[in-house]
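Residue numbers (this note's numbering), protein chains in the order written: chain A, 91 to 373; chain B, 91 to 373.
Be aware that one or more of the hints could be misleading.
Copies of the same chain look alike in the list, so a pair counts if it fits in one copy or across any two.
[Said to hold, decoys possible] Simulated crosslink set (SDA-like; lysine to any residue; CA at most 20 Å straight-line):
1. 98 / 232
2. 98 / 189
3. 160 / 285
4. 98 / 252
5. 98 / 265
6. 298 / 312
7. 279 / 373
Bear in mind the hints are in silico, worked out from the structure with no lab data behind them.
Protein chains: 2
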Amino acid sequence: MRIIHSSKEMQNAALELRRAGRRIGFVPTMGYLHEGHLSLVRLAQQHADVVVLSLFVNPTQFGPQEDFSKYPRDFARDEALCRDARVDILFNPTPEDMYPEGHSTFVEENALSRGLCGASRPGHFRGVAIVVAKLFNIVLPDVAVFGEKDAQQLRVIRRMTRDLGFGVRIIPGPTLREPDGLAMSSRNKYLGPEERIQALVLKRSLDKAVALYGTGERRAEVLHTAMVAMLKSAPLARIDYVEIVDDETLERVTVIERPALVALAVFIGKTRLIDNVVLRQPT
Amino acid sequence: MRIIHSSKEMQNAALELRRAGRRIGFVPTMGYLHEGHLSLVRLAQQHADVVVLSLFVNPTQFGPQEDFSKYPRDFARDEALCRDARVDILFNPTPEDMYPEGHSTFVEENALSRGLCGASRPGHFRGVAIVVAKLFNIVLPDVAVFGEKDAQQLRVIRRMTRDLGFGVRIIPGPTLREPDGLAMSSRNKYLGPEERIQALVLKRSLDKAVALYGTGERRAEVLHTAMVAMLKSAPLARIDYVEIVDDETLERVTVIERPALVALAVFIGKTRLIDNVVLRQPT
């Protein structure tokens, strides 16, 4: 496995791979890798000859009150996991390289980014869009894999990729869960033992929505009420948002007639967790 | 010469050229080509194996009160000029292709874009940044040539290219002028006979600044006053701005100690013309 810290070197390596006719698969991450990330690597390997995993805790996608400085980092562990997963290139740029002095260019998707996490975390998706656009230009991938756990991010990136004409195919990677149902996340590390137990309420609340939908219920309000009641059963949970939106437009729906994204963000203690499920008619 | 209207087809052609190891030179234009554009093509030919000229009157860089609809267009003439100039690919996308339904992603440089034309034309450089970013992703150039006449645009694009990590070398092309000194521009076509004569005041005003600088004058105010007086000598001229700014930061200077950009925008009748010169110590 090659480890690259400079974006110039990464871009040159990518250009060389492309000239050699190799397909580049890309998995952008903020590190502190877990099985979820590694499943994205495996997906990338299925669609490409060479897999690049980037590891960059991107400052611009954190708000001033958020957990940028304490976001978990463990390069040695991540490096070992990448080697085991047969990642070809681990790209680990410096903040100075990604955001040189006088950096003044922004990329912003402003329809799909507005609600959900975009409303709770102003500027978050602007940070995501700029870093992903820049990483695409440096890594020059044929395909890039994004986890479905970050449902809104996946949709924002897909839109940005289309709008800006990037020649990159975006592949969604299914959410991986712990045996008890908690969606895998680097932030799960923040949870204390009691919080870890109560964090299961996110998945249970989504299961509730799926069950109601399965019985034929199509009123978003009914699902929403049931989900909120479930979340409130956990004393350490504080709801950031619970939303039922159109899966394409991310606009709130009242009656579910097309595929709908059920998404939530919940603080368990001080830790903000997200999870989601898509409701669609069985075909 | 190959003519391509679809961005997908253009991107595939570019990928094929790159795989074949050919260097792509790119000249983005809004068409209605003149000798200035053709000089950019020649410059691109010096730095690349294959030259792509794009012809797209980009709606997003025009303000609502500006001349988008009446901007001069003559595809047959442009096509012939491109053939004569040995352009390899003429890329002429449709607005629907460049801005598909639901387009919601923006690119914005927000330091260098603020003053000068950015102040007079709100949103202009946002439109420029997004179209150039998208064209770079579609045409995949190794080098791209931008005219020095659009001084601020050149600097905004250079900054955007660096900030977003595009692997594109930006090459500036010197301003071409009519024999009497008027900078070549597709908009010169709008000028009536008397306007055409009075339009020379832009260049004369710049010459005045150069002459004063040549005598050792370094106070921006003195240059500015002389330029304004010159411009006011033309009754059909209405000043949009006359600015003396640092060539790197585009911030206004009072004493010229480093290279300075002298830039102006002047309406001659209803036609807005721009021109500029860089003042620097002879080395």
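Hints versus structure:
Proximity of residue 98 to residue 232 under the C-alpha cut-off of 20 Å is found in both arrangements, the shortest distances being 19 Å within a copy and 14 Å between copies. In the homo-oligomer, the alpha carbons of residue 98 and residue 189 lie at most 20 Å apart inside one protomer (13 Å), although the nearest pairing across protomers, at 30 Å, exceeds that limit. In this assembly of identical chains, the alpha carbons of residue 160 and residue 285 lie at most 20 Å apart only when taken from the same copy (18 Å versus 64 Å across copies). With identical chains, the CA atoms of residue 98 and residue 252 are at most 20 Å apart between copies only, with a shortest distance of 11 Å across copies and 25 Å within one.
Neither within a single protomer nor between protomers do residue 98 and residue 265 lie at most 20 Å apart by alpha-carbon distance, with minima of 33 Å and 31 Å respectively. Taking identical chains as interchangeable, the C-alpha atoms of residue 298 and residue 312 lie at most 20 Å apart only when both belong to the same chain, with a minimum of 11 Å there against 75 Å between chains. In this assembly of identical chains, the alpha carbons of residue 279 and residue 373 never lie at most 20 Å apart, being 38 Å within a copy and 60 Å across copies at closest.
Checked against the numbered hints given earlier, the structure breaks hints 5 and 7 and satisfies all the rest.
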